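Asks: Chains as they are written, first to last, in full-length UniProt numbering: chain R, 1 to 185; chain S, 1 to 353; chain Y, 1 to 185.
What the hints contain is simulated information worked out from the structure, not anything from laboratory work. There may be inaccurate statements among the hints.
Cut-off 30 Å, straight-line C-alpha distance, at most; resulting in silico cross-link-like pairs (DSS-like, lysine-lysine) [as the list claims (entries may be wrong)]: (1) S/Lys269 <-> Y/Lys164; (2) Y/Lys167 <-> R/Lys162; (3) Y/Lys84 <-> R/Lys161; (4) R/Lys162 <-> Y/Lys23; (5) Y/Lys97 <-> R/Lys162.
None of the values given here were measured: they were computed from a predicted structure.
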Amino acid sequence: MTTKTWRLFWGSGPARVPLQNGVGRYVQQLQRITFKFCKTHGGSLGMREYIEKDLVEFARHNPGVVVYLKPRRHRSPCLKAEYLNGEDDYISTQKHTCEDIKKWVEYLRCRSGYPVEHLINYHHTDHPSIQGPWTPWLHRDHKLNVVQYPNEELSTAHKVKKTATEELMELYEKQKMLTEMEKTS
Amino acid sequence: MATKLKLGHSLCTSLLTRVARKQLTVRNINTTASVFAIEARWTAPYLRDLAKRKKIMEEKGLFPQDKRSEYIEWNYDAELYAFGKRLQEEFEDEVLRAALTDASYIRQEIQRQQDLGVSSPALMMSSNEELSDGGAKVITDYSSKFLRAALPLFPEEGISAVTEYLSSEVVLAEVGFGIGLRDLILCQEHPPAPSTAARALQAVVGALHASSGLARTQAFVRDFVLAHLSGKDINSIWKVEDPMKVLSGILARSGCGEPEPRIIFQSGKNTIQAVYQVGIYTDKNFIGSGYGETVGEAVEQATHDALRRLFHTTDSTTPLPFGPAAADLTLKESSNLTLQDWSLEKAKNVVSC
Amino acid sequence: MSAVGRVQQWATFGRMWYLFDAKWQNPFHSADKIKDILTGTHKPIYHDLNDCGDHVVVINSSDIALPGVEWEKRVYFHHTGYAKGASWTLAWELHHKDPTMILRKTVYSKLGKNLLRRGRMEKLHIFPDDKIPDSILENVSAQLRQMRPIPKRLDHYTREEVEKFPKVVPAQINLHLIGVPHTSI
């Protein structure tokens, strides 16, 4: 699936945050996580190892997350995360190793709960400019408001170089000055 | 026979070329979406139809919504413990339980026990009515004091309008659902109505007041309720009615001349896309400008802009203090200037923090 | 969207009406400038999907100046679609038939070949002389500067200026200069 198709299906939007999170204080958005696994099946081996080794540590570091364990006989293991905004996320951990599950749990822990979608921008603001909006007449001289159109002064091209006539006149003036100086001396 | 074979052969090659082309074709007007494995042709209408059906069922009350508390994996004690920890607040367990218990739930429980034949039901539960009243008071009180201190030149009418907005059911319910009250509230209906959620949030504030004191409660209100204003235009919450009259009143009290609107720019006057910029001047001094598709609209916008500049609520003013910046803010007890009293002379005496 | 946001958007995407005096201007160079304004590429808000092109009112299009031998050698091709329907019109012939046509065709050819082309051409208003209807002149909000100076003809100088002008060779021969009374030389 290309990026374009992904966007077509799953949508795109600006980066957003639930409930101005972080403006006042940061609230972890993961509210509960359920580990579903089988006590005997090989597919849940990694999950059982995670529960034995790392789960207590996880729960200790995240007192705001309620952890549930749900053993189910002969069914594949999975993680179910529930977020404060009412969304939930499901990840199948069939035949996953302990390290893999650790990474998935970390992924679920850090999410906001909003669907993973293409970000049209990495930053977003409701006040795009504190200088005020741009307009086509920004920094325009107010004198132009009383001008009558068509206006020759506004229309004439900027002079880039002298014309031959002007140069000739200049030469003539110079010559005239020299002759006058000679006369006086 | 030979022709049949030949036909079969040509059919085969054409199929093969079609398959080969599948990977190579550039999308044009003749290719279909299915060539690129894009199912959008049916996916979008299908999802739209599902959403429509869901909406109809929700309206009729037929759409089943599971109560999270009816699942096997549900531990209310653990949930309450995590609730406080998540918000980095210390709640007394009993008070928090009371705060999350709606009166309708207690009524329902008593009714159920009576139906089962218990003549005098003994329920060791208290509802959140008292706590929510206390919480609502803290919210309105702190919000107005905070806003007065943060926006010292904003008229008192505006302060009370914004405070009213913050303690409205819509905002409080949104905050309440946002901190995870949806599953925790004990109430008759499911999912909890916005009014129930708003009351529960007020009760949570009241419970925090009872558990951890006023300072923590005010910080809580600031971080969750007042933070709702960040990224919002305060002028769209409170809009001055008849701005020109208000502006002339203010200027008259300040000893300035009448406000004089003048067109600064216009373009496309005779078209449907005409655009005007109007500036407001008093004694030949610029005090505000606005845009509009008609001169009248531009004048109104310019007047609003002049008032925003006077009240220091433009886009370029410092944002409301949240987080560490809020700790230095001294709350303001006395009310701000009202619109009737507002003048430049009086505004000069206002100490801004 | 708030009322302020709405009018800000209106102002940012406000249409400008530019006046352009085509007198003694090379239409092929002028078209480059006009094209930018019709498409809106001169604006910082330009984007392919933005409709931010401005209007251009061109006056004096009958006084355009084609460079070199373009008047005689430039050919405009047209085909009616029927057999033997091809026709070739020289630039001077076309200009004689419709003095706005050369500029219009030049701008049209410089615009991008897409579906917006016709709509952008609708924003170009060409007039052969400086007589513009008031309904259009009232819309004008700015004037575009010409790209080259208008050459000054001998009859544009006052008599004193001509007399004061230095002469390399004294005028003894009876020169016939167009537009200048013989006595002034």
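Asks: Taking the hints in turn, state whether each one holds.
Replies: Now for the hints, and whether the structure bears them out:
1. S/Lys269 <-> Y/Lys164: violated, 49 Å
2. Y/Lys167 <-> R/Lys162: The given pair, whose Cα atoms are some 19 Å apart, holds under the 30 Å limit.
3. Y/Lys84 <-> R/Lys161: Roughly 51 Å separates the two Cα atoms, so the pair is violated.
4. R/Lys162 <-> Y/Lys23: holds, 20 Å
5. Y/Lys97 <-> R/Lys162: violated, 37 Å
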